[in-house]
Amino acid sequence: MRLELTPRAEISPWARALAPVAALVVAFALAGGLIALLGRSPLAAFQVYILGPLGDPWALQELAVKATPLILIAIGLSYCFRANLWNIGAEGQFVIGAVLGGWLALRTNGTEVGPWLLPAMLALGALGGALYALIPALLRVRFGVSEILVSLMLVYVAQLVLDYLVRGPWRDPKGFNFPQTVTFDPAATLPAVAGRIHLGSVFALVAVLATAVVVGRTLFGYRLRVTGDAPKAAAFAGFEPKRTTLVAFAISGALAGLAGIVEVSGQIGQLQPAISPGYGFTAITVAFLGRLNPFGILAAGLVLALTFIGGESAQILLKLPLDLTQAFQGLLLLCVLVADALVSYRVRLVATARATP
Amino acid sequence: MASGQPEPLVALRGISKRYGDLLANDGVDLEVAPGEIHALLGENGAGKSTLVKILYGAIQPSAGEILWQGRAVSITSPVEARRLGIGMVFQHFSLFEALTVGENVAVALPDLSLRDVRARLSQVGETYGLALDPRRPVWSLSAGERQRIEIIRCLLQNPKLLVLDEPTSVLTPQEADRLFDTLERLASEGRAILYISHRLEEVRRLSRRATILRQGRVVATADPRAMSAGDIAALMVGSEVGRVEAHEPHAQRAEMLRVDHLSLPPQGLHGQPLRDLSLTAWRGEILGIAGVAGNGQGELFEALSGERLASRPDAIRIEREPVGHLGVEARRARSAAFVPEERLGHAAVPSHALTDNALLTHHGEGATVRAGLVAPGAIRTLADAITRQFDVRVPHRDPEARRLSGGNLQKFVIGREIIRQPRLLVVNQPTWGVDAGAARLIRQALVDLAEAGSAVVLISQDLDELFEIADQIAVLHDGRLGPARPTGEWTREAIGLEMLGVGAGEGGQHAA
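Just so you know, the protein sequences line up as chains A and B, in that order. Be aware that the first sequence starts at 1, since it is given in my numbering, and climbs by one per residue. Be aware that the second sequence starts at 1, since it is given in my numbering, and climbs by one per residue.
With the rest of the complex left out, here is chain A:
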């Protein structure tokens, strides 16, 4: 017996729209099984993970805080993924954005510099992410190197650079030898818009709206779609693939870098060895769960932010390991991809017959 995938002739728009929802339900069911195996009640876990945060005003604000970097990064990734380019290194671009933007905050620390500081930090963050993303892009267009491997490996380089800086040259001399920098000045801190929600959430909403226009209505968005769906037709249309690759990576890196500096300046307030619980990787799941659609990504970002918050409460209330959150996120990505495959293909069990001579 073997499994056979045959493309479906007709793909119902309903099936396509409901696939992410189905994926979510199946992922929840699988995670429930996993929790039961760990000896806890799945219902209690569901209560703690999902219902708890949703019923708590403080947790709702926290949801926006956690969703902000996820949405910013995933929106950026959608530019690459649409063009069939595989930027897996958003985590590294996030870190480099935080480092470059944070550098300016540290350089100006304790001095009065005027209102340009924050915009300049944000611009540097985006620039840092963009330049860092251009490394795999340039290697790909120039030498045909796999952008998947290079972008992924550069994540570790970025993390080690940050680690070196906060333990070495940038360490706070009065920080009791903790590996962290001084706390940013108020002038270098992203202002809050409501409670704990900072300006970064506004940026994420702007990115969603801007991307909806860019992808849906501009020639550039058309160019990305054609490049991703039929590269040969894109060349025939006169869309230079190298330029598309560079621009898509630059946008993707810039948004990841912006997310990095926003997180450091609006949320953490200083540089430290770990500034992300894996936002750059989780954002890949967000992008696909949102079907690369900007509004879909907005919703998916909130869903996955919920798992981060729920994971923290579950650790405290149910003594469940934090790794479970990552396992769930992985399960969810798997379910999304499987659901997409099932929408496009029919699965049949085929009895293997020996060819008769």
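One or more hints might be untrue.
Example chain B residues on the side facing chain A (calculated, C-beta under 8 Å, incomplete) [stated by the list, open to error]:
id, residue
1, L326
2, H346
3, T361
4, H363
5, E365
6, G372
7, L373
Coverage of chain A stretches by chain B, computed from C-beta distances (three or more under 8 Å per stretch; other residues unrestricted) [what the hints assert, rightly or not]:
id, region
8, 210-220
9, 226-232
10, 235-247
Everything labelled a hint here was simulated from the structure, so no lab data went into it. Because the structure is a prediction, the values reported are computed rather than measured. In this text, a Cβ means the ideal position worked out from N, Cα and C, and glycines have one as well.
For chain A, the structure is supplied; the task is to place chain B on it using the hints.
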């Protein structure tokens, strides 16, 4: 072989297939006897492909039954079909691009080692005049060469019934003749052959019995030799097929496109280089480029379109301006237009709607894109105009490109270029696998464009087409282009020989 009424090998009885509102097959009866070459005729969309897929187990009929050697069978999968002894050469190839010729054949024959497959491949290839290097990767092969793999792969499985869908569309007349000999030999061995074609002359040469389909129904089963080509065509199309109206060449010749000693290195290990190739296309004329698939047609097309750049700017001139270094959009801006061979994936994005596909070659113009913003209204108007003017039949408004039949999509991609009245049009295999009605419409559109004063470069393997509408013909062989001569000075034999690279020297004398 037509002695009395032999027991049919396979009989289809009342086969129907419904897709939503569309009845693709409507109570089709068809019988094929051992040793018979049975032709299946019909326009694109007549239901031939559906019927053949049912026979091959790729899809299941909504009603009706299949008798194999008198026994009712349900063919649930292609594996089942192959087990019964049905071999199929599809019009659209199902090959693994990354694998070699030998590996692609071996995949279908799990009981044989790769070495055995290679040996048998050369042997069968030689016997039937379908030479192929078993070590070449499929991605480096032309459409014609890929089809040869499909045919050989089928023959190696020793089928009782061989189904061929438009097998000669990429062969030279000589190669086609050899294929016909092969098919006749296979039939005389007692095999049944179901032969699908648009080419009436072929069908009349090969078969004594033809089934003609129109709109999913059998309209006639008859001996094609007892009917005129016009009668058969009328049954297929449902109306008389008119001839393309020829046009008179213009008295004054104005140069539109000149290619001057263009050479291009091969792309990839097995790519075809272009060797010192020169040609001139004149306004008001159709220049035909004949040749067998894989002799540089694709490479020539990409060099002319600017998808590949020439090493010297002056190797290609449009209206005397060097454009060899300019990309496809810059050449479009000089009133050139292009239609590549591959409809899905090159000329059109399969998963995009027709409106989006209209934009593919029109985004450089003012009306459709303003300040980087796409104007949906303007594109819709454009797509509707193409659909209307070129009789593109769509299942519903603005469908995805892959929902269209081959002929209708081809009308769309050609109409998309002609609608802006380019002064230069380069087309590669414009009627490949297209039904008679669509082919006629396309040829007429090319003739009308030339009539209006444009230069047309028609790269085609279809000699009938070249003789019908080209003003001049040159033959491409092994990346070299022979001299262009007025169509009237060519004979089919002379072209056939040059296509095989035999007659180049003699051809020169022939012209003088």
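Here's how the hints hold up against the structure:
Interface hint status for B:L326: violated, as the beta-carbon distance to the closest one in chain A is roughly 10 Å, over 8 Å. With its C-beta approaching chain A no nearer than about 5 Å, B:H346 sits inside the 8 Å limit, and its interface hint holds. For the restraint placing B:T361 at the interface with chain A, the shortest Cβ-Cβ distance is roughly 6 Å, inside the 8 Å limit, so the hint holds. Residue-level restraint check for B:H363 holds (minimum Cβ-Cβ distance to chain A is 6 Å; threshold 8 Å).
Taking 8 Å as the C-beta cut-off, the interface hint given for B:E365 is violated, the closest approach to chain A being about 12 Å. Of the supplied interface hints, the one on B:G372 holds, with its beta-carbon coming within about 5 Å of a beta-carbon of chain A, less than 8 Å. With a cut of 8 Å, the hint placing B:L373 at the interface with chain A holds, because the nearest CB-to-CB distance is about 6 Å. Only residues whose C-beta sits within less than 8 Å of a C-beta in chain B count toward coverage, and the region 210-220 of chain A has 4 of them, enough to reach three; the restraint holds.
Counting residues of the region 226-232 of chain A whose beta carbon lies closer than 8 Å to any beta carbon of chain B gives 4, which reaches the threshold of three, so the coverage claim holds. Counting residues of the region 235-247 of chain A whose CB falls under 8 Å from any CB of chain B gives 5; the rule of at least 3 is met.
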